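There are 2 protein chains.
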Amino acid sequence: MSYRKLFLGPLCDPGQPASFPLFQPQQVQGGRDDGYWIEAFPFSTLTNDCANIIGYGLGTRENASNVEMFINPFSDKADNKYDLDILSKFIQITHPYIVNPRLGKVSPLPIIICDQYGPSMNEIWPNGGRVSWLENVGDPSRPNWTQRTMGRSPAMHRLKAGHFTRNDRVQVCAVPIIVKSSDLTTPAPVIIFTAPDDPRQVQGDWPSEVVTEKHLVHEVVLVPSEGRGFDQILIAGRDGVDLIWFDGVSWQTFNVGTGLPSSPGNPYWGAGSVAVARVGEDSAGYIASSEAFHGNTVSVYTKPTGSKRGIVGNKWTRQVLHDFGPLNGEHTGSIHQVICADIDGDGCDEFLVAMMGSAPADWNRTGVWCYKLQKETGTFTKTKLSNTSAGRIAVAHFTNVGRFAGAGAREIDFATISYSVPGYFESPNPSINIFLSTGISAERLDEEVSFNIVRASSTRFTTEAEFLDVSARKLALVILPPDSPYCVAEDSSGIKVLAGALSWVDDRNKLQERTSAARPFGCQTMTVNAGAVMSGKEGAVFVVLKPSNISGAPPYSSMDQLVSHNIFPATYSADVRALEFPWVKVQDRPWAHGRFKDLEFYNLVGFHVHYADDSLDELVHMQLWTAGKGVSAGFHNHVEKSFCEIHACIVNGTGQGGMRWATVPDQNFDPEDPDLDKTELVVVPDMHEHGPLWHTGPDGHPLLRMNDTIDYPWHAWLAGDGDPNSEQSFDVWVAFEFPSFETFSTPARPPAIQPGKYSILDPITQAVVILKDDNATDGTPVLATLPGVVSSAKVRPATAR
Amino acid sequence: MSYRKLFLGPLCDPGQPASFPLFQPQQVQGGRDDGYWIEAFPFSTLTNDCANIIGYGLGTRENASNVEMFINPFSDKADNKYDLDILSKFIQITHPYIVNPRLGKVSPLPIIICDQYGPSMNEIWPNGGRVSWLENVGDPSRPNWTQRTMGRSPAMHRLKAGHFTRNDRVQVCAVPIIVKSSDLTTPAPVIIFTAPDDPRQVQGDWPSEVVTEKHLVHEVVLVPSEGRGFDQILIAGRDGVDLIWFDGVSWQTFNVGTGLPSSPGNPYWGAGSVAVARVGEDSAGYIASSEAFHGNTVSVYTKPTGSKRGIVGNKWTRQVLHDFGPLNGEHTGSIHQVICADIDGDGCDEFLVAMMGSAPADWNRTGVWCYKLQKETGTFTKTKLSNTSAGRIAVAHFTNVGRFAGAGAREIDFATISYSVPGYFESPNPSINIFLSTGISAERLDEEVSFNIVRASSTRFTTEAEFLDVSARKLALVILPPDSPYCVAEDSSGIKVLAGALSWVDDRNKLQERTSAARPFGCQTMTVNAGAVMSGKEGAVFVVLKPSNISGAPPYSSMDQLVSHNIFPATYSADVRALEFPWVKVQDRPWAHGRFKDLEFYNLVGFHVHYADDSLDELVHMQLWTAGKGVSAGFHNHVEKSFCEIHACIVNGTGQGGMRWATVPDQNFDPEDPDLDKTELVVVPDMHEHGPLWHTGPDGHPLLRMNDTIDYPWHAWLAGDGDPNSEQSFDVWVAFEFPSFETFSTPARPPAIQPGKYSILDPITQAVVILKDDNATDGTPVLATLPGVVSSAKVRPATAR
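Residue numbers (full-length UniProt numbering), protein chains in the order written: chain A, 1 to 801; chain B, 1 to 801.
If you are wondering where the hints come from, they were derived from the structure by calculation, not from laboratory data. Please note that a few of the clues may not be correct.
EDC-like mimics (lysine to aspartate or glutamate), calculated; alpha carbons at most 16 Å apart, straight line [stated by the list, open to error]:
{"id": "1", "chain 1": "B", "residue 1": "K384", "chain 2": "A", "residue 2": "D446"}
{"id": "2", "chain 1": "B", "residue 1": "K372", "chain 2": "A", "residue 2": "D446"}
{"id": "3", "chain 1": "A", "residue 1": "K641", "chain 2": "B", "residue 2": "E618"}
{"id": "4", "chain 1": "A", "residue 1": "K384", "chain 2": "B", "residue 2": "D575"}
{"id": "5", "chain 1": "B", "residue 1": "K384", "chain 2": "A", "residue 2": "E580"}
{"id": "6", "chain 1": "A", "residue 1": "K382", "chain 2": "B", "residue 2": "D205"}
{"id": "7", "chain 1": "B", "residue 1": "K641", "chain 2": "A", "residue 2": "D614"}
{"id": "8", "chain 1": "B", "residue 1": "K382", "chain 2": "A", "residue 2": "E447"}
{"id": "9", "chain 1": "B", "residue 1": "K384", "chain 2": "A", "residue 2": "E447"}
Residues from chain A shown here face chain B by an in silico Cβ test under 10 Å; the list is partial [to be verified]:
{"id": "10", "residue": "W363"}
{"id": "11", "residue": "S431"}
{"id": "12", "residue": "E618"}
These numbers come from a predicted model, not from an experiment. We put the beta carbon where it would ideally sit given N, CA and C, even for glycine.
Model the full assembly from the supplied sequences, consistent with the hints where possible.
And the structure:
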């Protein structure tokens, strides 16, 4: 018998550029009175896997702002509730703050913040602009905070901590937006505060110096030293985008660009926000900017191919990517921030744009846009990631659930807070939301679940969603990028491929490969006798069956022992997590129509998998079955619905349970009174899957009936009889229902045709051409040929019945 | 030519029992401190289409409760924001209140409310239990409220307004839960307050009387008089379920049942909540109850078949439907309310159960369960409608968007507030949510939309979702129940059926019928020359194309005039409403691969429609196209993907635009250099659709190729050449891509076979059987037969090439 391997299961288009993950939104807090600033805490994405969130609004003259920390529910807590911790209730209007983990040597994870700004740029408090640091004096995860003042400058507005002129002390770069009410002309100081020996003992202000002056600064970004020299400071304001740094002798300035040109009557020009994008090895591959103060223009600065790495000394060319439309009567628009992050994991940063919203409301100007550099063309494409007003964006890792650190790129989540400042711009229903990067979303149907997944071929992230614990197995859906490893429990975990391919080298040094289907009418183990599997060029989508001790272990002598559990993690919606997946006796299913009466035969539904893109292509539908000794699941041939069905056995409790199929034509087999002598059997042992039982052509495509359904022989799962003297025992198996797909072809028949009566059928009219009297009288030989094969085999004339 | 009509498009299973609508959740308010009570305002579902919501928590000793009204955003406001109006800030702990529209003669829509309860049942304020009415002295939609005291009784807990002993005055039935702290034994009074002549002028309490006493009452339900006698009062408490009423002489009591029996050590027995279900003409078909005080048991009282209508005098049998599990150490569980509503519109009420949640958290005990009576079996099935903690449920009409009053049953929406009472039970993240009944949900994919819809055959509600305004047409998706009318703009609106059938009698008194496909290779108008269309036994799913003046009117001489608008209403999510549906030049589509260069040919994507049940069956994918004069959309034959494609032309701007198909075998046609002499054309005029262009067999099934795709001739939309002297003009059409479906069969060919070379093909091996030398030498005639047809027509032996 010779097999030809034609292809590996449902296609998933290898070698594609990185695609975006899905972003699952979750509301952290609704019903806020206002909103302005958000940070992830701790502040470094390198040091924290399940960041907390700090968020606040500016407050008003009447109501001071609460600076609140929301404790991450995905770290070590079982429930999915954001606990709220009020950091500090400031007595007057608060303004943005910054933070830096390197202050950790002074206090575990302190926070630096400024307040006492004034009601607006036209009402700046002349003695305000307080800069404070909050000492974390408690449990780092549930802190208590002590406020200490480090200094003041009116209209203080942006802060960053770092090492700007010395490495032995924490320093804070503090930049007011203006110097006094309504004065947009006088430049404001760029102040460096330097921590005293022990800041906890100091009563007065920290030493400070003014290192330069800038106009209308709306963003300060830290450019880390990366071990050489000092941290640099990138500033966006009316002067455009400037990098300033201390070279050991004096302060230097490099102007990246002047940003949006000034226009008559409009007091705002230059830049409003800025972010530096890593592109491969270059930490400054391009620079993104919004223009100008609360403006509507998105620009990028790029440098010629072959330029040196970094910012300084390169020739940067400004390019306007998009203008979100005319400004309002106050000459402001909707953009509040740009921030870079490699959200697709391809090593090249995207940038996100925080849009506060507009009056009148405009979806384009509300939420989060993502711009992605298309490296081949040098152009940027934009995609909307959220439609909820965003004052600021915090990027972080907010969960580890279903993720695999170390397996390549790491997922970047983000969080936003609505921009809502009474008297300036108020968005409706201000809220804090997180957006979790994932390859698998899930929603509830009626009793079933619909998974929507990214394409394995183009994602850079491994995603796993555990969903069901049954018969001592945890079932999880996994998306694995191309040529990537996935670790399993050797000799105990099993895998069932849904798309693409997995391989491993087994303990006898033999290459094992699994695709969505085994050989036709064959059987193979799902158990992996290695510590990891690898995907191929297309990546892989698969179900992993891990050992579990939550649901009872086999053998099962009664259904009480075979309990299923919904194990969707807390990152999924309440509606999905609240579903139960009960075993329902098949006689009680509406489609049983009186059949399967009193049979120990049960069904558990069910899980659809579609691709989460505009195609919505279907990948598979999965459901589970269990049957006691001697039970027949009923011979059927799928004449009503077209799919390719594969069964994977978790527990072969009856010993000889497996698939039987009729070896005779449909009309010669009575499914209600099956003659097993007319069938063949493939026993499917524990943790095995069988191959296709449908008819395929030599190209691997399923053969179809006249009603377009897939041509199956009569077939059924028949449980074994087990030991008649022992107690009941159940088979448990999973049915995978695929849309029609190509697979290994069935063995080619010999190039000769069996004796029989043949007719010429016109497929359009179904007219049949036959020889008169069913007999060719002259003995003219009839030849059989195959495409590309010359054969001299002769068959009898078409006379036999 | 004779056609046989085999069936009408995709199946939708006629004659099914009523199915549930979808319930689209929307958060009204998140981030609450607490939650307890919710009402729709105004209070009658008969008089209000877009109810506001009143919600509040109980408050604490430190923080009084705000009683807040949320103004409905779907009535006359364009944006989707819930405005909040604080009704009254009560000075101490507030407790449930009631309301009744019949107080309207006293004050426009007053509110009756009680407060000053005390911190708990063990700390009842002896001088509290105030009953107030709030006079609405302002604009009814944005009211200002004046509080006036009506009386007091300690531990006042439930109120209902009505006419209990006289019809000329408003009366209030007021029932405390107990009479003093920690006393669960002494019965509490059932008090009737009667309004004085002009309640606005009265300074002191209203006249009142105690009409009976009951134990531990937790629910009071009004049973309207329906024009005879007085309103009755149904009470759930430790005494079980009692109906009390004034018969004109004295107060009467009828005990429906005693509810949950008492058990040792548990102070709570009887009933905790009660609701009366309408079943057809009987306003008391059954009675639902939860047991006991904050208990875990769901019960119903039923009466024998043939019993008289109503409650009184019937023999009610209690039946426990479900026990949600053991009570906690304080002998309480998770159910707070039961309420009846006909949510599936079949004339028989379902009942909803409000579950507050539990500690530890348990999804089964959190949210809203719905119980539905299966009339055939007398059993109840239960379905989860929400998984967010529900202290109370308010049923109302919260929107009219996409609904058709008068076309049969009316949709019932509901709203819930989380149960969260500090010190007793606190649910996480308390919120107020509405759940909008609909037949159509929509979610965003990437650039496209996925509609999930109910089955037209089993819904009782007509749902319409407008989604796109383009080329002077509003496109809306409509789900129409069986045998139902849908009104259209006569002679200007058009309809394109997606499933089921629509018919109308045209202006020449001729029956017009439309299914998902016209006659093969034919063409028919979509315009309805009548004022309404009717669905058939299966109902119908269709797109209606209404006239619009938002997008520019044809003819279009440039694409600037052909602008599309997203018109999804505010009941859909921000992500769907924020989508734009731009016309994208086909040369810029990634799948163009360099083709269609510089052609005036544009594409607008796209809309998937699936059934919103566990099948997730696909119904159709829709996208739009436009092409300028002389443009060919490119000959293709869908060899990559299997679907049945129908085009509906909105504007035939080029005059002779339409579908061309090759009349020769595929291999004799060059799609890159098409010879139009080898094609036929069906011009598709404005507002017309063409019939199937694929090959079908006599049973109406599409014929398939070897790769299982549908067998199409080469075909393309070819725009007409228009007037060469006039300016540019565009065709605009919609492509409907259906999964393979049956349709009208192609005309039967005559029962004879054309001369030619015929081969015997073995479908398994593709072996071909041929006569040697392609020649039968003895002149044996070959007969052609059709199934069931005896024919003597002779064809030549199979020798001709």
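Could you work out which earlier hints the structure fails to respect and list their numbers in ascending sequence?
-> 6
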